[in-house]
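Model the full structure from these sequences, guided by the hints.
Heads up: the sequence shown begins at 1 in full-length UniProt numbering, then just goes up one per residue.
The hints are simulated quantities; they were obtained by calculation from the structure and are not laboratory data.
Note that the Cβ used here is the ideal one computed from N, Cα and C, for glycine as well.
Computed spacing ranges between beta-carbons, pair by pair:
1. Lys-2 / Lys-45: 18 to 26 Å
2. Ser-64 / Lys-29: 32 to 40 Å
3. Leu-28 / Lys-57: 28 to 36 Å
4. Gly-59 / Asp-26: 27 to 35 Å
5. Lys-12 / Glu-78: 27 to 35 Å
Derived DSS-like pairs (lysine-lysine); straight-line CA-CA distance at most 30 Å:
6. Lys-76 / Lys-27
7. Lys-27 / Lys-12
8. Lys-49 / Lys-12
9. Lys-27 / Lys-2
10. Lys-29 / Lys-2
11. Lys-68 / Lys-49
12. Lys-27 / Lys-67
13. Lys-13 / Lys-45
14. Lys-68 / Lys-13
15. Lys-2 / Lys-68
16. Lys-76 / Lys-45
17. Lys-57 / Lys-13
18. Lys-67 / Lys-57
19. Lys-29 / Lys-67
20. Lys-27 / Lys-68
21. Lys-10 / Lys-57
22. Lys-57 / Lys-76
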Amino acid sequence: MKLLLVAEYKSKKFLESNYELIAFADKLKADYVMFGVGDESDLPKCEGKLYLADSEKAGEYNPSLHKKLIAEVMEKEEADFIVLPHTSYGW
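Now the structure itself:
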């Protein structure tokens, strides 16, 4: 099973909830890739592949563009599921 983890980024920082996504993938013993919109100066630490969209170009909150980018990664990586953090921000 392969998961696409969608990282949260707010106020120029990746949020701690992203590590809960990684722990979830590890608990399932699933392969994963992570997608995030953010800045290279504050990347989440993960063993999987990270797809990063520049927040200056993509914006921190741009649902239509983010949806398109996530769909591209989903197709490229052939992920079985998309996993989002359960928080009140964004998604």
